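Assemble the complex: chain R is given as a structure, and chain W with the ligands must be docked to it using the hints.
There are 2 protein chains.
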Amino acid sequence: MKICIVGGVAGGASAATRLRRLDEKAEIVLFEKGEHISYANCGLPYYLGGTIRQRDSLIVTKPELLCKRFRVDVRTRNEVIRINRQEKKIVVRDLKSGTDYEESYDKLILSPGAGPKVPPLPGMHSDGVFTLRNVTDTYRIDDYLLENTPKTAVVVGGGFIGVEMAENLVDRGLSVTLVEYADQVIASLDPEMANILHRHLSEHGVNLMLGTGITGISRDSKGLHAGLTSGEEVDAGLVLLCMGVAPDSHLAKEAGLDLGVNGSIEVNEYYETSDPDIYAVGDAISVTHLVGQTKTLVPLAGPANKQGRTAAENALMGRKVKGSPVQSSSVLKVFDLTAASTGLNEKQLRQMGIPYKKTYVHPQSHASYYPGASPISMKMLFGDDGRILGAQAVGAKGVEKRIDVLAAVIRLGGTVYDLEQLELCYAPPYSSAKDPVNMLGYTAVNILNGDMPVFYAEEVSSLDPQTATLLDVSTPDEILMGTIPGFRSIPLDTLRENLNRLDPDKPVYVTCRVGLRGYLATRILLQNGFRAYNLSGGYRTYSLTGP
Amino acid sequence: MKICIVGGVAGGASAATRLRRLDEKAEIVLFEKGEHISYANCGLPYYLGGTIRQRDSLIVTKPELLCKRFRVDVRTRNEVIRINRQEKKIVVRDLKSGTDYEESYDKLILSPGAGPKVPPLPGMHSDGVFTLRNVTDTYRIDDYLLENTPKTAVVVGGGFIGVEMAENLVDRGLSVTLVEYADQVIASLDPEMANILHRHLSEHGVNLMLGTGITGISRDSKGLHAGLTSGEEVDAGLVLLCMGVAPDSHLAKEAGLDLGVNGSIEVNEYYETSDPDIYAVGDAISVTHLVGQTKTLVPLAGPANKQGRTAAENALMGRKVKGSPVQSSSVLKVFDLTAASTGLNEKQLRQMGIPYKKTYVHPQSHASYYPGASPISMKMLFGDDGRILGAQAVGAKGVEKRIDVLAAVIRLGGTVYDLEQLELCYAPPYSSAKDPVNMLGYTAVNILNGDMPVFYAEEVSSLDPQTATLLDVSTPDEILMGTIPGFRSIPLDTLRENLNRLDPDKPVYVTCRVGLRGYLATRILLQNGFRAYNLSGGYRTYSLTGP
Ligand SMILES: Cc1cc2nc3c(=O)[nH]c(=O)nc-3n(C[C@H](O)[C@H](O)[C@H](O)COP(=O)(O)OP(=O)(O)OC[C@H]3O[C@@H](n4cnc5c(N)ncnc54)[C@H](O)[C@@H]3O)c2cc1C
Ligand SMILES: Cc1cc2nc3c(=O)[nH]c(=O)nc-3n(C[C@H](O)[C@H](O)[C@H](O)COP(=O)(O)OP(=O)(O)OC[C@H]3O[C@@H](n4cnc5c(N)ncnc54)[C@H](O)[C@@H]3O)c2cc1C
Ligand SMILES: CC(C)(COP(=O)(O)OP(=O)(O)OC[C@H]1O[C@@H](n2cnc3c(N)ncnc32)[C@H](O)[C@@H]1OP(=O)(O)O)[C@@H](O)C(=O)NCCC(=O)NCCS
Ligand SMILES: CC(C)(COP(=O)(O)OP(=O)(O)OC[C@H]1O[C@@H](n2cnc3c(N)ncnc32)[C@H](O)[C@@H]1OP(=O)(O)O)[C@@H](O)C(=O)NCCC(=O)NCCS
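Protein sequences appear in the order of chains R and W. For the first sequence, our numbering gives the first residue as 856, with consecutive numbering after it. For the second sequence, our numbering gives the first residue as 856, with consecutive numbering after it.
Chain R on its own, in the form it takes in the complex (with noise of 0.2 Å):
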């Protein structure tokens, strides 16, 4: 059995090692156009920054490793060119040498991942502007920084690999213009709790331009100057371009096999593209959302990885593994910042037109008299059934740790009736007795079974003060520090007393800091022939809304 690889990097590698371990005696070739083979790519913006100082820890497993101890015949700067189907042969172009060969296959696997989106706009290849995809890319900025040393720099794209890069060029003591066409960063989110993010960038000196887009860019002897479509031009040492990638399907499409959403390669639930000897993973493929069932794009390192291995195995027939459909599950560090989130948002959702119910909460990352606890800010969506479509969380600390609670929640089929009964680790170092993902469990049975009507931010502004009673329970220090325009105070300790000031013909619509003392309110009022509303995470969510 011959087995060609095309790509060499989280897909590809992964696939080789796999063939290996299942089968000492298949031939296993992989291709690579590049210099370098199993790259941590996601590693890539964090030795710009200085974080990784080492060249040669970018790479995870050497060639040598992959020669010997795989005896995977290893091709770097080989570019597969075409593919020839009927001959089951591909054509290989060694870029050393420029000359073209054949070489056979039983089973071909595609994994020549997703290459950086550049709009046809001018100046997008000037001198100094660059994209970044691989550990070539790496160097070729680092080389440009340390010779140039720009002072400043824009970074065009608000998505992960652009706001990592925003970080890491802060580090690297750049001045950093963020600026971004939609009006928030990271699309995974929903815009609240981006709007977190907003402002911590902002807060390191990231000069954040949402709704912004790029018209071009200009170089001349003081730099670079990028056009904003506001009419601005930004200045710069440095650009880099970070505006989304696209699959990389031109092998596949001029092969003829068949393509799926945004141009991807279409394959099966076993890796199988409209050729069952060709397999692709990664980021180049398509694949179906555990949650919303359609096909989509997940360009993440955790998938591509797990679909080479699956592929491996079918490739070699012996087996046929299904692969797991995705649920794009992402974390993200921003400074001081992690943001992380699971499933579909709420934006998907509504675009899919899913029903869905949300909760927010914004508890302790771990027991708040044990030093070191603070805020992670919630957010999860679920269907009438309970089942949970997605979640989102921004903190400092614990983040991703719920995040992958919740996941592993989603991935079983579990409800919001499933997350009031985890039991999760507790001593005060780590959590609370009542585990953040308990309390999302909670809040969202509450809001399922009627003991929490809620109201979300979104709808503030379309309350009448005439119609609606509109109460904050807070403090009248914390109303010092902010709230909602129209609401009065009464705190929460002195409700009881308070009933008769208040009109029951009108429904009631409470608000707090994060949304705990407004259920206690909701409860009380209820139980005294209210109807009464609690703003799902309070004024703390509320203030992330809006502009």
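The hints are simulated quantities; they were obtained by calculation from the structure and are not laboratory data. The structure presented is a predicted model; accordingly, all values stated were derived computationally and were not measured. Hints may be right or wrong, so weigh each one.
Calculated pairs, DSSO-like style, for lysine-lysine (alpha carbon to alpha carbon, straight line, at most 27 Å) [unchecked claim]: (1) R:Lys1252 / W:Lys944; (2) R:Lys917 / R:Lys951; (3) R:Lys943 / R:Lys880; (4) W:Lys923 / W:Lys888; (5) W:Lys1175 / R:Lys1212; (6) R:Lys880 / R:Lys923; (7) R:Lys917 / R:Lys857; (8) W:Lys1212 / W:Lys1202; (9) R:Lys1212 / W:Lys1177; (10) W:Lys972 / W:Lys1108; (11) R:Lys972 / R:Lys1150; (12) W:Lys1212 / W:Lys972; (13) R:Lys888 / R:Lys943; (14) W:Lys1212 / R:Lys1177; (15) W:Lys1202 / W:Lys972; (16) R:Lys857 / R:Lys951; (17) R:Lys1108 / R:Lys1212; (18) R:Lys880 / W:Lys1361; (19) W:Lys943 / W:Lys857; (20) R:Lys1361 / W:Lys880; (21) R:Lys1175 / W:Lys1212.
The following block gives chain W with the ligands in isolation, referenced to the frame of chain R:
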């Protein structure tokens, strides 16, 4: 509806607040024999160690708040001394005045907790000998430390509280001897996992005496002297007895309620005792174990809080909510390490006669190329059907996160096959593209489907070099750091060339550092016709077993 609650902390206070939220009108009376309610039991050691500095911090919810906000009639220093079930009354002793009075109830909720076990040995109540359960105990110890400034302490018992106190007394500058009758600390871990803690405790200056009991304590002008089963005597300025806790069920017993395991209060799944008007929760009850399905004691704050919440709901009768079985998820900080576990351990599985398999891995807490990663030692137990029975982990970082994920999977009845599929959050500062939990899944599945026949460290001593080939495939440099006696060296990367040096008729037992290369070697050997077995967890696990 009038509800009386006995015990004002984890279970009791949780029940009280939940009752009020569900019912504005109920009369709720909370009896607490001590001076404080709603205190942070779990924080007490850290107050003594100086990490928590404010006495105030130890009270989670102030009594005023419980009175005012939740309209709970809080009666501290009031001990319930008798239950009169016929008349549905309790007899209460006001410890301030010494007078007794009666109080009627419609429903009674018992959450009296568990008391420290103190064996009937000489000198257990000497001046300077303490137990630690509540705030009053804490102040007492604190005052003693301040007044007598002892230089040395003996902590008797290596359970959670004993180990936490050993650490905190070291933090406070004392020289600490930890005496434990069993041959390991932290019974929820298996011995080889606990061994990591043993070494760490010793490295931090704790004089650890395992397999050693206490025979009595004497006091003279020079201080305290703890007699040991070894015949030795250890001098100390302070002795802390942390010898486990026993359910405080005497009230229930005297009232003729059914008792269960170890004299605990027996309840059904709704937390009803044998008297349907009396509920019981927390450390005083026995509960069904999710994995073992037997009745057991799990004196932990998470379950106590949740049981209080559920019992409150049931006591109000409108709803009938099933409590959830417990699974013993726990976590402990030991100086720079974290130890966590969930489900059953190997000792328990053996005792219960439940068949199991196991896997060990030692992955990095996050991508090794990103600074600050450190290894986690993990162990997972699972059934032939792949059902996860329990998991343990010890390391410096990211430990409880992995156990939390496993706890969630166990809760939802998941298998090792589910672990393979989990899509957890990945970026270099947080994890690896294949998370340690995935690795547990991969290795377990490889064991189950025969891809990786394994042997275990405890079987090493029964291997006979005459009848079996014993192979360490680590590099020579690594082997200099330690290898298993009798294992010969063939580095993995030269194995294929050396296969002819191995006797094809003998089974091959392979080890390496952590088990990964041993697995690769095993794959090579199996496919070359050898019977081969990989040492699960490799030399690292081996080096943790034995004395
Ligand atoms: C800067 C950066 C940071 C990232 N951070 C994270 C993160 O924190 N978390 C996360 O989950 N994901 C992250 N990712 C995404 C992650 O790296 C990818 O999802 C993953 O690498 C995709 O794997 P793949 O095998 O599909 O493609 P790649 O890993 O990109 O590998 C594809 C390889 O194929 C080669 N190739 C393409 N065409 C050919 C051809 N015709 N012939 C020969 N070779 C070819 C390419 O040169 C390339 O080396 C990051 C990506 C980048 C660029
Ligand atoms: C030092 C220490 C550290 C701990 N650390 C952790 C940890 O890190 N993680 C964890 O999960 N768990 C930990 N625990 C255990 C946890 O605190 C308990 O599981 C939990 O508090 C049990 O709740 P409970 O309501 O059953 O009992 P308790 O919280 O102990 O409350 C019982 C209360 O009832 C009162 N009482 C008893 N009888 C009567 C009566 N007849 N009349 C009136 N009042 C009465 C008692 O005075 C006591 O205050 C720790 C415990 C201690 C002591
Ligand atoms: C590293 C790389 C070559 C894959 O190598 P790999 O050997 O398949 O993967 P890992 O080192 O993660 O090891 C996983 C294997 O070891 C086994 N394993 C892990 N720990 C083990 C242990 N202690 N004992 C026994 N087996 C163990 C697992 O079961 C698995 O084997 P399987 O797939 O046959 O079940 C590939 O992922 C790669 O090139 N990565 C770098 C690029 C990349 O991922 N970029 C994006 C992220 S930065
Ligand atoms: C604190 C204590 C009094 C319990 O108080 P509590 O109000 O029930 O618990 P919490 O503060 O954890 O809040 C949980 C409630 O708030 C709700 N809630 C939490 N965050 C919310 C938010 N943002 N919006 C709306 N509701 C929220 C939850 O749904 C839950 O209500 P429910 O039970 O009616 O569903 C009790 O646990 C106690 O005394 N603890 C200290 C002792 C102890 O536990 N010791 C051992 C550990 S150290």
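Cross-check of the supplied hints:
1. At most 27 Å may separate the alpha-carbon atoms for a hinted pair to count; R:Lys1252 and W:Lys944 exceed this at roughly 48 Å.
2. Only pairs whose Cα atoms come within 27 Å are accepted, and R:Lys917 paired with R:Lys951 is accepted, the gap being roughly 20 Å.
3. For a cut-off of 27 Å, the pair hint linking R:Lys943 to R:Lys880 stands: about 20 Å separates their Cα positions.
4. Of the supplied pair hints, the one linking W:Lys923 and W:Lys888 holds, its CA atoms being roughly 21 Å apart against a limit of 27 Å.
5. Simply put, W:Lys1175 and R:Lys1212 have alpha-carbon atoms about 25 Å apart, close enough for the 27 Å limit, and the pair holds.
6. A threshold of 27 Å between alpha carbons decides the hint, and for R:Lys880 with R:Lys923 the separation of about 14 Å falls inside it, so the pair holds.
7. Taken as a hint, the R:Lys917 and R:Lys857 pair is honoured in the structure, with Cα atoms around 22 Å apart against an allowance of 27 Å.
8. About 13 Å separates the Cα atoms of W:Lys1212 and W:Lys1202, which keeps this hinted pair within 27 Å; it holds.
9. A C-alpha spacing of about 25 Å is found between R:Lys1212 and W:Lys1177, which places the hinted pair at or below 27 Å, so the restraint holds.
10. Restraint check: the Cα-Cα separation between W:Lys972 and W:Lys1108 comes to about 18 Å, which is no more than 27 Å; the hinted pair holds.
11. Proposed proximity of R:Lys972 and R:Lys1150 is supported: the alpha carbons are some 20 Å apart, at most 27 Å.
12. Using a Cα cut-off of 27 Å, the hinted pair W:Lys1212 and W:Lys972 is violated, with the two alpha carbons roughly 35 Å apart.
13. Our distance criterion of 27 Å between C-alpha atoms is met by R:Lys888 and R:Lys943, whose separation comes to about 20 Å.
14. Under the criterion of a C-alpha separation no larger than 27 Å, the hint pairing W:Lys1212 with R:Lys1177 is consistent with the structure, at around 25 Å.
15. With a C-alpha separation of about 23 Å, the suggested pair W:Lys1202 and W:Lys972 falls inside the 27 Å cut-off, and the hint holds.
16. Of the supplied pair hints, the one linking R:Lys857 and R:Lys951 holds, its CA atoms being roughly 24 Å apart against a limit of 27 Å.
17. Taken as a hint, the R:Lys1108 and R:Lys1212 pair is broken in the structure, with Cα atoms around 41 Å apart against an allowance of 27 Å.
18. Restraint check for R:Lys880 and W:Lys1361: satisfied, since their Cα atoms lie roughly 23 Å apart, inside the 27 Å limit.
19. About 11 Å separates the Cα atoms of W:Lys943 and W:Lys857, which keeps this hinted pair within 27 Å; it holds.
20. A distance of roughly 23 Å separates the Cα atoms of R:Lys1361 and W:Lys880; the hinted pair therefore holds under the 27 Å criterion.
21. The hinted pair formed by R:Lys1175 and W:Lys1212 meets the criterion: a straight-line CA distance of about 25 Å does not exceed 27 Å.
Checked against the numbered hints given earlier, the structure breaks hints 1, 12, 17 and satisfies all the rest.
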